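Peer 1: Here is how the chains run, residue by residue.
2 protein chains.
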Amino acid sequence: MTPLNQAIEYAKSNHARYLSELKELCAIPSISTLPAHKADMQRAAEWFANQLTKLGFKNVDVLPTGGHPVVFGELLNAPGKPTILVYGHYDVQPVDPLNEWVSPPFDPTLRGDNLYARGVSDMKGQIHACLKAIESWVKQGGSPVNLKVMVEGEEELGSPNLGAFIAKHKDKLKCDVVLNVDSGILKPDLPSIVCGLRGLAYFEIWVRGPAHDLHSGLFGGSLHNPAQALCELIAGMHDANGHITLPGFYDKVRVLSEEERADHARTPHSDDEWKAMSGVSQLYGEKGFTTPERVGVRPTLEVNGILSGFTGDGIKTVLPAKAMAKISMRLVPYQDPAEVEQQLKEYLKRNAPSTVTWEVKAMGTAHPVLVERDSPGMRAAIAALQATFGVKPVFKLEGGSVPVVSMVKSQLGVDAVQMGFGLPDDNFHGPNEKLHLPSYYRGIEAFIRFFELMA
Amino acid sequence: MTPLNQAIEYAKSNHARYLSELKELCAIPSISTLPAHKADMQRAAEWFANQLTKLGFKNVDVLPTGGHPVVFGELLNAPGKPTILVYGHYDVQPVDPLNEWVSPPFDPTLRGDNLYARGVSDMKGQIHACLKAIESWVKQGGSPVNLKVMVEGEEELGSPNLGAFIAKHKDKLKCDVVLNVDSGILKPDLPSIVCGLRGLAYFEIWVRGPAHDLHSGLFGGSLHNPAQALCELIAGMHDANGHITLPGFYDKVRVLSEEERADHARTPHSDDEWKAMSGVSQLYGEKGFTTPERVGVRPTLEVNGILSGFTGDGIKTVLPAKAMAKISMRLVPYQDPAEVEQQLKEYLKRNAPSTVTWEVKAMGTAHPVLVERDSPGMRAAIAALQATFGVKPVFKLEGGSVPVVSMVKSQLGVDAVQMGFGLPDDNFHGPNEKLHLPSYYRGIEAFIRFFELMA
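Line by line, the protein sequences give chains A and B. Residues 1 to 455 (my numbering) make up the first sequence, in order. Residues 1 to 455 (my numbering) make up the second sequence, in order.
It should be emphasised that the hints constitute simulated quantities derived from the structure, not laboratory data. Incorrect hints may appear among the rest.
As the list makes no split between identical chains, a pair holds if one copy fits it or if it spans any two.
[Unchecked claim] Derived DSBU-like pairs: lysine-lysine, alpha-carbon spacing no greater than 30 Å straight-line: (1) 409 x 81; (2) 172 x 139; (3) 252 x 12; (4) 287 x 252; (5) 168 x 23; (6) 38 x 81; (7) 54 x 12; (8) 275 x 361; (9) 275 x 345; (10) 349 x 275; (11) 54 x 252; (12) 187 x 287; (13) 349 x 287; (14) 345 x 287; (15) 361 x 187; (16) 392 x 187.
Computed from a predicted structure; not experimentally measured.
Chain A with its partners taken away, still in its complex shape (with noise of 0.2 Å):
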């Protein structure tokens, strides 16, 4: 047997153990948002640190940083060979609404081929899966390449102290490409290879009106609703044929060009999986756009959250005093989420009725990022996917963001792959998010692959 094989046979005769392992790691509610699951941020991390030393990482220490720590660790023992950094977050979305979850987010539970809980397919199940192939090679010789592990805690949050981390740390973080692990696939066997990610810029935007609440018999329809001008407002984001109204919104939404729109063309897509999958009988988006081309290449601006008054049970006959949106926008190259929030503001100064006044906080941000699809990096990872699936993957334009992909290249001037093997029914940041174990295993085999051909 090969080296390869030895490594893919080690991780195949270890799956059981590696399956109960993945559930300790999802059994930690690292809930990044909620202050009351601060000790189990700092318990995910040490689970982190914890397997780096036990692959013989060195150097592995759970770093500070202005919110959350980032877990590191270096395994250097391939003179010649690149630098690979990996890259991964501990950190999970809340859970509400809890009472729509069949087994509990953090009692990890195995139902026919997939594992049901919290963070298991975003990112616990796709960064234990790196790992695992790690250990495949160490324990079977070694690693082919050098290898840099960091694992943050704030990615759901959009990374916000990430970027100042990299900045300080750019010798310790020293590499040849990044491989950023937070990815999927297209369906199980059909993988495919990002070429594209679209950014993110997330506001609140509070409406304020009366000082404090009002009694609504007594002082409704005297006084602009803060409720009622917050609705009016997001009503008008969107025109009848579902573009974004902000101003300038689109001036630097780029053409692709031929060979990518062919590619993305060849995404196999049906409108009636995606109704099936989503759970709504019809469909809605962007005039003159396709559904993939909606949820890829072209940006969108969503209401995440919206509160404003009484809405407990039963009634309450309140004016509000305020109301508040969250609200995010997904960019795509080469638009600016420092200029996107100027255009909300305009939008707001624009179309905000003077008998309300209005705020707008910026809460997290990503660029978008374009990704050189003939690299190194790129070519390994395209033939690791092909080997293990045996199929040629697509490419595919991202509709998530993820903020480390441009910290890395303006921080540290490397290109990030990204390689990763969730699916698009994962139900990540919903309830009953679970992971495909067959992809799972599957995605072990390939990481292991990927690291051969980068050697």
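Please arrange chain B on chain A, whose structure you already have, making use of the hints.
Peer 2: Using the frame of chain A, we list chain B on its own:
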């Protein structure tokens, strides 16, 4: 001294004790809408039952309903004289936003001329003032009229069980007139008397899109976000002139008589004071109407609450599965709450996009009421106010809704006189609710006079 003056003097010499008793009552957190306060509701009901017993009332009972119980008692010691049914409620509004209270809502606190506590003005202070007027007569020789007292626990819920209760206890509640003390005056030195009450129709609107919360980066732009769709629907409920757009909404809205309009125009009002009281820099409302008309004689539609998606601290990139708004309309004669429900549904049928589904839940209703001005009860109330304040009371159209008024008219065939001493700036339903004590003491005197004038 006449018996009237003796009763008034008795009340004056007992102000300090009354105040300490009122504090005791306001310390009971009888929030009807929150199930956690069920025991407090019972405690508040028993507090009133105990009061009535101490005043010599007979047949005192805490009677069950489909919801919170009703306190009843009667004092029928004035043969040949009219029977007055005093109505009040012992329930109060929720206290959120709690952090905006200067002193805790159930720790009644004196600052200046005001007592601060949730429910102190709406309406524990009002019903307490009336009971103290009764006490003043009882201790000085006996009540000049026959009295029945009914204190319910669900007014802040829209009195969902009171109609059935009155229908069941018609004989017990038989009376010549109802004195509803859940009311107020315009200013400390300007008494007013209600000649019309707006009705209420309160709804929850649910808009649903995907089967579960989705990742906004993966699905955003391809589905109609239910929060966005709800905002679009709410935004369309008022046109650019502030008119309500529900089909047929104004069909039954009556034109006021010249006399009513003239009375109404005499209501003292200043837009500047209104702005100061509510804390806005600019008013808003239906074009073509003054502020007093907008809050008194015109129907309104207000958002009382809205909730969708993630509203905690930080960011969550979720595309929510559903969105909910609490919306209520104040109705004027002769609008009908059941018809308004149909109008709302018709609006949604016509305007809701086919990309989402919607549901309307009716949460509570009250019919609007016009009060007959030339009745024995109204004449006595007007005279009592004039004698107490030294000023002729102003006729007032009440913006708020008191379901009991239409119920006693339809079930018992009697009119209700609205006489209470809350002030427009008492912050009922909001934080820092207060009772203006000089008005509370004058209220006791006015009630004492009213009972004699009714004899």
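Peer 1: At most 30 Å between C-alpha atoms: does residue 252 with residue 12 qualify within a copy, between copies, both, or neither?
Peer 2: neither (48 Å within a copy, 76 Å between copies)
Peer 1: Tell me, please, which holds for residue 409 and residue 81 at an alpha-carbon limit of 30 Å: within, between, both or neither?
Peer 2: The answer is within: 21 Å in one copy meets 30 Å, while 91 Å across copies does not.
Peer 1: With identical chains, the pair residue 38 and residue 81 could be close in the same copy or across copies; at 30 Å between alpha carbons, which is it: within, between, both, or neither?
Peer 2: neither (38 Å within a copy, 71 Å between copies)
Peer 1: Given a CA cutoff of 30 Å, do residue 349 and residue 275 count as a within-copy pair, a between-copy pair, both, or neither?
Peer 2: between (37 Å within a copy, 23 Å between copies)
Peer 1: For residue 187 and residue 287, with the copy left unspecified, which applies at a CA distance of at most 30 Å: within, between, both, or neither?
Peer 2: Within one copy only: 27 Å inside a chain, 57 Å across chains, cut-off 30 Å.
Peer 1: Have a look at residue 349 and residue 287 and pick one of within, between, both or neither, based on CA distance no larger than 30 Å.
Peer 2: both (27 Å within a copy, 23 Å between copies)
Peer 1: Within a copy, between copies, both or neither: where do residue 172 and residue 139 come within 30 Å Cα-Cα?
Peer 2: Within. Shortest intra-copy distance 25 Å satisfies the 30 Å Cα cut-off; inter-copy 88 Å does not.
Peer 1: Cα distance capped at 30 Å. Does residue 275 pair with residue 361 within a copy, between copies, both, or neither?
Peer 2: between (33 Å within a copy, 27 Å between copies)
Peer 1: Should residue 275 paired with residue 345 be assigned to within, between, both, or neither, using CA atoms and 30 Å as the limit?
Peer 2: For residue 275 and residue 345, the Cα distance is within 30 Å only across copies (26 Å; inside one copy 34 Å).
Peer 1: If the cutoff is 30 Å on CA atoms, where do residue 168 and residue 23 land: within, between, both or neither? Let me know, please.
Peer 2: neither (34 Å within a copy, 60 Å between copies)
Peer 1: Can you give me the call for residue 287 and residue 252, within, between, both or neither, at a CA distance of at most 30 Å?
Peer 2: within (19 Å within a copy, 41 Å between copies)
Peer 1: Could you figure out if residue 361 and residue 187 sit no more than 30 Å apart (CA to CA) within one copy, between two copies, both or neither?
Peer 2: neither (37 Å within a copy, 41 Å between copies)
Hints 3, 5, 6, 11, 15 from the earlier list are contradicted by this structure; the remaining hints agree with it.
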